[in-house]
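Listed below are the residues making up each chain.
Number of protein chains: 2
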Amino acid sequence: MDDNMKKIPFDINYLLKNFPTPFYVYDERGILNSLKKLQNSFNWCDFKEYFAVKATPTPYILRILGENGAGTDCSSMAELILSEKSGINGEDILFTSNNTPIEEYKKAYDLGAIINFDDTDHIKKFLNKIGKPDIASIRYTPKNAYGTEVIGNPKNSKFGMPYKKVLEGYKIMIDSGIKRVGFHAMLVSNTLSTDIITRNTQIIFEAVKNISEKLNIEFEFIDIGGGFGIPYKPEEKELDINLLSKNIKDLYNYYFNDFKPKLYTENGRYITGPHGYLITKVLHIKSSYKMYVGVDANMANLMRPAIYGAYHHITVLNKSGEYETYDVVGSLCENNDKFAINRKLPKIEEEDILIIHDVGAHGHSMGFNYNGKLKSAEFVYDGEKFKMIRRAETLDDYFSTIIF
Amino acid sequence: MDDNMKKIPFDINYLLKNFPTPFYVYDERGILNSLKKLQNSFNWCDFKEYFAVKATPTPYILRILGENGAGTDCSSMAELILSEKSGINGEDILFTSNNTPIEEYKKAYDLGAIINFDDTDHIKKFLNKIGKPDIASIRYTPKNAYGTEVIGNPKNSKFGMPYKKVLEGYKIMIDSGIKRVGFHAMLVSNTLSTDIITRNTQIIFEAVKNISEKLNIEFEFIDIGGGFGIPYKPEEKELDINLLSKNIKDLYNYYFNDFKPKLYTENGRYITGPHGYLITKVLHIKSSYKMYVGVDANMANLMRPAIYGAYHHITVLNKSGEYETYDVVGSLCENNDKFAINRKLPKIEEEDILIIHDVGAHGHSMGFNYNGKLKSAEFVYDGEKFKMIRRAETLDDYFSTIIF
Chain A
99 MDDNMKKIPF
109 DINYLLKNFP
119 TPFYVYDERG
129 ILNSLKKLQN
139 SFNWCDFKEY
149 FAVKATPTPY
159 ILRILGENGA
169 GTDCSSMAEL
179 ILSEKSGING
189 EDILFTSNNT
199 PIEEYKKAYD
209 LGAIINFDDT
219 DHIKKFLNKI
229 GKPDIASIRY
239 TPKNAYGTEV
249 IGNPKNSKFG
259 MPYKKVLEGY
269 KIMIDSGIKR
279 VGFHAMLVSN
289 TLSTDIITRN
299 TQIIFEAVKN
309 ISEKLNIEFE
319 FIDIGGGFGI
329 PYKPEEKELD
339 INLLSKNIKD
349 LYNYYFNDFK
359 PKLYTENGRY
369 ITGPHGYLIT
379 KVLHIKSSYK
389 MYVGVDANMA
399 NLMRPAIYGA
409 YHHITVLNKS
419 GEYETYDVVG
429 SLCENNDKFA
439 INRKLPKIEE
449 EDILIIHDVG
459 AHGHSMGFNY
469 NGKLKSAEFV
479 YDGEKFKMIR
489 RAETLDDYFS
499 TIIF
Chain B
99 MDDNMKKIPF
109 DINYLLKNFP
119 TPFYVYDERG
129 ILNSLKKLQN
139 SFNWCDFKEY
149 FAVKATPTPY
159 ILRILGENGA
169 GTDCSSMAEL
179 ILSEKSGING
189 EDILFTSNNT
199 PIEEYKKAYD
209 LGAIINFDDT
219 DHIKKFLNKI
229 GKPDIASIRY
239 TPKNAYGTEV
249 IGNPKNSKFG
259 MPYKKVLEGY
269 KIMIDSGIKR
279 VGFHAMLVSN
289 TLSTDIITRN
299 TQIIFEAVKN
309 ISEKLNIEFE
319 FIDIGGGFGI
329 PYKPEEKELD
339 INLLSKNIKD
349 LYNYYFNDFK
359 PKLYTENGRY
369 ITGPHGYLIT
379 KVLHIKSSYK
389 MYVGVDANMA
399 NLMRPAIYGA
409 YHHITVLNKS
419 GEYETYDVVG
429 SLCENNDKFA
439 INRKLPKIEE
449 EDILIIHDVG
459 AHGHSMGFNY
469 NGKLKSAEFV
479 YDGEKFKMIR
489 RAETLDDYFS
499 TIIF
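Same order as they appear, the protein sequences are chains A and B.
Under our numbering, the first residue of the first sequence is numbered 99, with each subsequent residue one higher.
Under our numbering, the first residue of the second sequence is numbered 99, with each subsequent residue one higher.
For the record, the hints were derived by calculation from the structure and aren't laboratory data.
One or more of the hints may lead you astray.
Pairs involving identical chains hold if they fit within one copy or between any two copies, as the list cannot separate such chains.
Quick list of in silico lysine to any residue cross-link-like pairs, SDA-like style, CA-CA up to 20 Å [what the hints assert, rightly or not]:
#: 1; residue 1: K253; residue 2: Y387
#: 2; residue 1: K263; residue 2: D425
#: 3; residue 1: K253; residue 2: E422
#: 4; residue 1: K388; residue 2: N251
#: 5; residue 1: K388; residue 2: I249
#: 6; residue 1: K205; residue 2: Y496
#: 7; residue 1: K262; residue 2: I383
#: 8; residue 1: K205; residue 2: L493
#: 9; residue 1: K241; residue 2: Y387
#: 10; residue 1: K277; residue 2: L265
#: 11; residue 1: K262; residue 2: I315
#: 12; residue 1: K344; residue 2: K360
#: 13; residue 1: K241; residue 2: N440
#: 14; residue 1: K204; residue 2: K230
#: 15; residue 1: K204; residue 2: P118
#: 16; residue 1: K388; residue 2: L265
#: 17; residue 1: K223; residue 2: I383
#: 18; residue 1: K134; residue 2: K347
#: 19; residue 1: K263; residue 2: I383
#: 20; residue 1: K262; residue 2: S386
#: 21; residue 1: K262; residue 2: L313
If you're wondering where the values come from, they're calculated on a predicted model, not measured in any experiment.
So here's chain A without its partners, still in its complex pose (with noise of 0.2 Å):
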């Protein structure tokens, strides 16, 4: 292992002085080089990413993904919320949602969001209850798909439809009158494989050749999901962005002659994930049957480790070389609240400062507040300076749902 490797990119002394630990800190530059690199990889067609709020509904993170090209994947009202107050609106905001209560469509709708819809009846409901959307596409989920480990198998899929629904989908959206339409799937989670996406692409683009020729339609748009995938560990290589774009090029250039849709993406963990940065300080090391670093971190900042026993990088500020093996610990009260198991690290003191890497999607706002744990600040660092963009949570926000 590279001990340069996953070096923070900026000086954290700063925060660490002003600020209680543990933090979260984003790199706006990261971010937007990420953003940059998907963008540029597929600008031989017309393409947009929408970043998957869940990720990081963080309204500054949404903004700055805004303002260079980027919409949104809201999939609840909050997100809706969070989208519009960032600045995102109209076709900028691609609603995804399964199991939809009726106010959520319509919160979408007043937007103008595009709809995609999960179920043949939810179109049929929104025609009747909401209106005739301007835009919308149906979610497919095809009988299988390549690389669904993390996902699950499709056929146990509680989202989209399978190709016989879809078509009736279709069907009823061009008989409402509805003249704009896209197609949508997501099949993947989190893969580094550019074959496998390749692969779910071409089934992707088949049942959009197929559906348009049954029925005569031009599809607007198609989404092929996200999933594409960050190396968390050291041995990882990055997702080749570059030959998958050739490779759906190719596909893309082999299915559409006759219309030529756009391409969208609604990755999360691509843009933010390697980017984000949770900075804990070691309150305790204990020898008990193993040798343990308890950080003020635990599983209300990052649940990752803990619930899909995902690994993340950690460095220690200002130290090198391995020493010793930990478990790196957090103080909740559940034996899973562990972010590393057997994890070789500098051999660490009390008071030092461990960098968990590669936080930046799916990490503070998966958080929890079991135990009355309270989540973390958020910062982002823009080039020049940091800026609090979250504030951490407080004992007052934890009781001020109780009636006492």
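Following the hints, complete the assembly by docking chain B onto the known chain A.
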């Protein structure tokens, strides 16, 4: 399966008419009956139950438990303050934490709580920075325990200490002049086997006996932990609490002749688990590769099925029989947001009310706000009327920490 199983002990029409679903309802009489059952079983000794606050951190419930002879088992600042605000103070609080910040020890000390140490270094720090606690104990983690499938092998536990360190810890405590000492271990979770708890209790008693003889001290109490299970599935049988108590009494009489320690437990689930109900409305029924029942609750209200694959019984209000096989799902944008998979239920229609059972512990308290989802209100039924004891979260709560 008996259709009459898992009835709800109140009429929820009043709540359904006046409050939006989803919401939680707790049965006050059921909770107090469970507490009394536990207390009565152990009435042969000086027994006290310290309720694990994390299970149901709601002051109304803590208060009624406190009024009926229970204390609280706390492990964070928030839980200490919740106890205090619920009228529970002094040695009615047991503070068991790991990797503990000094300010949390200080708060526990100021409240007069029993301090349960997780490491020898914590004892030294406490004595050095805070002072001498009136009464304290040490958390023991033996090399092996029985029935640790849920809680994990003790050798991988971040909690407590091996025998040698425990011994060293008591020496430090005695040398410092702490006169009143207890003993603590927590070795299983959610077990229905009297045998498993008995055998683990023997491990604990054996250690107490040995340390008592080695150091010539009398232990004032032994906390044998929690983990008494409840039947989640229709075919499971209740823990035989009277048999368990008899077994433990035999052990107690065998091991303790010179001194008679008080006996403490720190159950959460056993007390409140069966007496909480999550009430949710069917929003949508979808036929895809399977039949999906979409409800208005999701992982924000109850995470156990999604993260543990936990079984929770579901009944349909005013319907019986088994007619269809469904996945019961929430609308969170994660495919594991499912309350039940392949569950046989009466034929369900939109607007039906589902009751998710046995959610009185580790239910509401574990919820998160991922995807912008909001936690629900909590009510209690006191035998005569319903009282709201926690209001539902609002979007303003969700937005409250954001710096726009």
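Evaluated hints:
In this homomeric assembly, K253 and Y387 come within 20 Å of each other (Cα to Cα) only across copies, at 6 Å, whereas the closest approach inside a single copy is 44 Å. In this assembly of identical chains, K263 and D425 lie within 20 Å of each other by CA distance solely across copies; the values are 19 Å between and 49 Å within a copy. Taking CA atoms no more than 20 Å apart as the test, K253 paired with E422 passes between copies only; the shortest distance there is 18 Å, against 45 Å inside one copy. In this assembly of identical chains, the alpha carbons of K388 and N251 lie at most 20 Å apart only when taken from different copies (12 Å versus 38 Å within one copy).
For the homomeric pair K388 and I249, the shortest alpha-carbon distance between copies (17 Å) is at most 20 Å, but the shortest distance inside one copy (34 Å) is not. In this assembly of identical chains, the alpha carbons of K205 and Y496 lie at most 20 Å apart only when taken from different copies (18 Å versus 29 Å within one copy). For the identical chains of this complex, K262 and I383 are inter-copy neighbours only, at 17 Å across copies versus 59 Å inside a copy, given an alpha-carbon limit of 20 Å. Taking the closest pair of Cα atoms, K205 and L493 come within 20 Å of each other only across two copies (14 Å); inside a single copy the shortest separation is 32 Å, beyond that limit.
Within a single copy, K241 and Y387 get their C-alpha atoms only as close as 48 Å, which misses the 20 Å cut-off; across copies the closest is 8 Å, which meets it. In this assembly of identical chains, the alpha carbons of K277 and L265 lie at most 20 Å apart only when taken from the same copy (16 Å versus 77 Å across copies). Proximity of K262 and I315 under a CA criterion of 20 Å is satisfied intra-copy only: 16 Å inside one chain copy versus 76 Å between copies. Taking CA atoms no more than 20 Å apart as the test, K344 paired with K360 passes inside one copy only; the shortest distance there is 16 Å, against 72 Å between copies.
For a Cα distance limit of 20 Å, the shortest separation of K241 from N440 across copies, 18 Å, qualifies, whereas the shortest one inside one copy, 40 Å, does not. Taking identical chains as interchangeable, the C-alpha atoms of K204 and K230 lie at most 20 Å apart only when both belong to the same chain, with a minimum of 11 Å there against 61 Å between chains. Proximity of K204 to P118 under the C-alpha cut-off of 20 Å is restricted to the inter-copy arrangement: shortest distance 18 Å between copies versus 41 Å within a copy. Within a single copy, K388 and L265 get their C-alpha atoms only as close as 58 Å, which misses the 20 Å cut-off; across copies the closest is 18 Å, which meets it.
Taking the shortest Cα distances, K223 and I383 sit within 20 Å of each other only across copies (12 Å), while inside one copy they are farther apart (58 Å). Taking the shortest alpha-carbon separations for K134 and K347, only the intra-copy value of 18 Å comes in at or below 20 Å, while the best inter-copy value is 70 Å. For the identical chains of this complex, K263 and I383 are inter-copy neighbours only, at 14 Å across copies versus 57 Å inside a copy, given an alpha-carbon limit of 20 Å. For a Cα distance limit of 20 Å, the shortest separation of K262 from S386 across copies, 10 Å, qualifies, whereas the shortest one inside one copy, 59 Å, does not.
Within a single copy, K262 and L313 get their C-alpha atoms as close as 13 Å, which meets the 20 Å cut-off; across copies the closest is 76 Å, which misses it.
When each numbered hint is compared with the structure, no violation occurs for any of them.
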